[in-house]
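**Student:** Starting from the given sequences, assemble the full structure and let the hints guide the process.
Chains R and Z supply the protein sequences, listed in that same order.
Numbering-wise (the working numbering), the first sequence opens with residue 357 and increments by one.
Numbering-wise (the working numbering), the second sequence opens with residue 18 and increments by one.
These are computed hints drawn from the structure, not numbers from a lab.
There could be a bad hint or two in this list.
Beta-carbon label-pair distances, calculated as ranges [said to hold, decoys possible]: (1) Z:P635 to R:G422: 30 to 36 Å; (2) R:Y398 to Z:E606: 49 to 55 Å; (3) R:G431 to Z:E472: 42 to 48 Å.
If you only want the chain R side, here are some residues facing chain Z, beta carbon under 10 Å, derived [what the hints assert, rightly or not]: (4) A373; (5) V390; (6) T392; (7) E396; (8) E402; (9) R416; (10) A437; (11) T438; (12) Y440.
In silico negatives: residues of chain R with every beta carbon more than 10 Å from chain Z [what the hints assert, rightly or not]: (13) R360; (14) A426; (15) S453; (16) P458.
We treat Cβ as the ideally placed atom computed from N, Cα and C, and that holds for glycine.
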Amino acid sequence: MIERTSALVLEDEPIVAFAVEDMLIDLGFDPVHVATTLDEAYRCLEKFTPGAAVLDVNIRGDRSYGVAEALVSRGVPFVFATGYGEAEHPEAFRGVSTLTKPYDQAQLNAALEAFL
Amino acid sequence: MAQMMRELDQSSTALGSPVKWAASLQSVVSLMVNSRFPMFVAWGEELSLLYNDAYAAILGEKHPRALGRPFEEVWNEIWDDLTPLVESALQGRASWLEDLPLTMNRHGYDEATWFTFSYSPVRGESGEICGLFCACTETTEKVLAIRSIKAERARLENLFEQAPGFMAMLSEPEHTFEFVNKAYQRLIGDRPVIGLTIREALPELVDQGFYELLDTVYQSGQPYIGRQQPVRLQRTTDGPIEQAYVDFIYQPVKDADGKVTGIFAEGYDVTEQRTVEARLESHARTLAILNRTGTELSSELDLDKVVRHVTDAGVALTGAQVGAFFYNTKDAEGEKLTLYHLSGAERSQFDKFGPPRETDVFNPDAESSGLVRSADITSDPRYGNTDPPFGIPEHDLPVRSYLSVPVKSRSGEVIGELFFGHEEPAMFSEAHEELILGIASQAASAFDNAQLYREAEMEIAQRKKFEARQVLLINELNHRVKNTLAIVQGLAQQSFKTDLPTEDAKASFGARLNALAAAHSLLTRQNWEAALLSETIHDAVTAAAGETASRIVAEGPDVVLPPQTAVTWAMAIHELCTNAIKYGALSNESGTVTVRWSIAETKGRSHLHLEWTEAGGPAVTAPPKRGFGSRMIERALASELQGDVTLNYEPSGVRCVIDAPLPQPK
Chain R
357 MIERTSALVL EDEPIVAFAV EDMLIDLGFD PVHVATTLDE AYRCLEKFTP GAAVLDVNIR
417 GDRSYGVAEA LVSRGVPFVF ATGYGEAEHP EAFRGVSTLT KPYDQAQLNA ALEAFL
Chain Z
18 MAQMMRELDQ SSTALGSPVK WAASLQSVVS LMVNSRFPMF VAWGEELSLL YNDAYAAILG
78 EKHPRALGRP FEEVWNEIWD DLTPLVESAL QGRASWLEDL PLTMNRHGYD EATWFTFSYS
138 PVRGESGEIC GLFCACTETT EKVLAIRSIK AERARLENLF EQAPGFMAML SEPEHTFEFV
198 NKAYQRLIGD RPVIGLTIRE ALPELVDQGF YELLDTVYQS GQPYIGRQQP VRLQRTTDGP
258 IEQAYVDFIY QPVKDADGKV TGIFAEGYDV TEQRTVEARL ESHARTLAIL NRTGTELSSE
318 LDLDKVVRHV TDAGVALTGA QVGAFFYNTK DAEGEKLTLY HLSGAERSQF DKFGPPRETD
378 VFNPDAESSG LVRSADITSD PRYGNTDPPF GIPEHDLPVR SYLSVPVKSR SGEVIGELFF
438 GHEEPAMFSE AHEELILGIA SQAASAFDNA QLYREAEMEI AQRKKFEARQ VLLINELNHR
498 VKNTLAIVQG LAQQSFKTDL PTEDAKASFG ARLNALAAAH SLLTRQNWEA ALLSETIHDA
558 VTAAAGETAS RIVAEGPDVV LPPQTAVTWA MAIHELCTNA IKYGALSNES GTVTVRWSIA
618 ETKGRSHLHL EWTEAGGPAV TAPPKRGFGS RMIERALASE LQGDVTLNYE PSGVRCVIDA
678 PLPQPK
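**Tutor:** Here's what the structure looks like:
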């Protein structure tokens, strides 16, 4: 069981971000930080290291793999979320669980559980 | 012999007893017998013959019977030849004869002989001439030897003279001509050379290495053999210096001591043979080029390579110094020719002249093959009608021999023009014309093929591009649908996670879906590229407020929003409207909402300032718990705009102030 402490959500669609934020709170994470841009995500990581993270792959036309690398270097477990079907991640992230939008709380929980 | 003379039969001779011989006769006989040189004396009335041993050998079988016999009897067969000489001697005149031919019969057969001899008179006691004395030598062998040498020499000279190869005999270190045969005369244009040195006789050989070769052969004593050696010679009287080829040998001639005294030059004029060989070689080469070009063109679908093969083949076949292909291109000014490929010259040499115009030379007759061949384009009447003329770049690329042919497609369209040039005049022949016409027709069909192939390729590429775009579009659509579903899911999740009654939650959810749909409709009208802030607000207000929308005034300059930002704006405005309708200015009959915005420039960046001001509604109190609405307005819009959003529940009415940087125009 991962430690359900803090969490980071990177999602550029606010309505979706709030929904994920609520799901994570329901799943026991507190506090949950929401970033809607890559810059915001990096700024968050400078201030604290979350217990887990959910990263939307496509953030306003850019990819969130840079943030993913930062998470790997800090040893933070994370899952990807994407609106695309079978997204081809770079070699380093092939093994990362990827949620396909839309997903519900149970699916998010299962993906996070997979870290065990 | 002396014994024999003493014992002569007195009766058979008119001489009488030797003891009674005149003193002069006795002394002559004494001289004779003591000499080993052939001698005889003819004495007395009958000219009786007395001789020595050496003369006996000349007499052959006539000896010894001839001794004491009359001269006339002994030499009966040659008496007629001798008579004048005998008579002269008897009259007191001595005579001397060299190599006198005499046909003798001394061995039983007639024999050609030659003698050198002298007849001199011999006098008696009283001074009267009593006989003649002869000292003689037979020169038959010598004469025959000389004759044979002469005949041999004549035979050889004749042989040399008529020999098919050329021959010349040069003597002395200066190589003076002693003898040349007819073939040699033909080689040098029948010039008189005998007695002249080679440098005097054949001055055109200077700097061709032949003088030096002869010097080397003379000095070294080693022969030199030349094969297919080029030589420039004056072959006709007053004619030009011509190129010839010779096979030859310089053979040193040595004397008995081995010292070189001259050089015998012998050889064959192989000019014609070489010309024939060269022509055969040229034919073989032509065939090889044609064959290769045909093979290359038939399998070549790349236009650039077709052009290159054709131009290079043309240059190789005609011996041109420069070959070029000009593409016939069409633009607003009509047809013109553009240099496409060049062989044998620098492209820069053509650059100065710009695209060639369709001069008379370049486009002489649309009906014919269009081929133009000019031995000297600079003096061609077809050239010069336009200025500057094509093809004669006057300083950098001097062209005189000129050959050009259009390349026409099956449909008769002129694809381009092949051009070949040479700085020397009259370098292109009728045969070259034929070759170039053949090449041009091969090129035309290769062009047609390449063109078809290129068109097909372009169509395939276009189709592939279209298919790739379709795949991209489908992916994009899929993504957008999934994102929208995620938004709908988010809306649902947040709309139903409330303390409100289920019916109210359903109504809120429905209204939010409406707002989302309105925003999507707006964006769809704009191809999902952008939306104006004014339109986004207008559509959101209309969807949420219906009739009461007329009480909302929205004013401000044009601001362009990216799609996702427009959706967030629409959703936030929707929440503001809903709140106003439920609790604020639009909840009574008279309240109003004013939305005003402006753009300010600070530090080179544009900032948006917007105020939502409600007035005339019931007194406002802040809600006890903030729900989806305020979350949407304060957090979502703020983070979407990367700006500040404040929502104030002022007693006179809700006031929302938004300050945000505008994205830099791209």
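**Student:** Would you mind marking each hint as holding or not holding in the structure?
**Tutor:** Right, here's what the structure says about each hint:
For P635 of chain Z and G422 of chain R, the hinted distance range of 30 to 36 Å is not satisfied, since their beta carbons lie about 51 Å from each other. In this structure the hint that Y398 of chain R and E606 of chain Z lie 49 to 55 Å apart at CB holds, the actual value being about 51 Å. The beta-carbon spacing between G431 of chain R and E472 of chain Z, approximately 59 Å, falls outside the hinted interval of 42 to 48 Å. Interface restraint check: A373 of chain R against chain Z, minimum CB-CB distance 8 Å, threshold 10 Å, status holds.
Restraint check, V390 of chain R versus chain Z: the minimum CB separation of about 8 Å is within 10 Å; hint holds. At about 4 Å, the closest approach between the beta carbon of T392 of chain R and any beta carbon in chain Z falls short of 10 Å, and the interface hint on this residue holds. Interface restraint check: E396 of chain R against chain Z, minimum CB-CB distance 7 Å, threshold 10 Å, status holds. The criterion of a C-beta within 10 Å of any C-beta in chain Z is not met by E402 of chain R, whose closest approach is roughly 18 Å, and the hint is violated.
The interface hint given for R416 of chain R is met, as the beta carbon of that residue sits about 7 Å from the closest beta carbon of chain Z, less than 10 Å. Given the 10 Å rule on beta carbons, the hint for A437 of chain R holds: about 8 Å separates it from the nearest Cβ of chain Z. With a cut of 10 Å, the hint placing T438 of chain R at the interface with chain Z holds, because the nearest CB-to-CB distance is about 8 Å. For Y440 of chain R, the shortest C-beta to C-beta distance to chain Z is roughly 5 Å, which falls under 10 Å, so the interface hint holds.
With a least CB separation of 20 Å from chain Z, R360 of chain R remains clear of the 10 Å interface cut-off, as annotated. A426 of chain R, annotated as away from the interface, keeps every beta carbon of chain Z farther than 10 Å; the closest lies near 20 Å. For S453 of chain R, the requirement that its beta carbon stay farther than 10 Å from each beta carbon of chain Z is met, with the minimum near 17 Å. With a least beta-carbon separation of about 4 Å from chain Z, P458 of chain R fails to lie farther than 10 Å from that chain, contradicting its non-interface assignment.
Of the numbered hints given earlier, the model fails hints 1, 3, 8, 16; all others are met.
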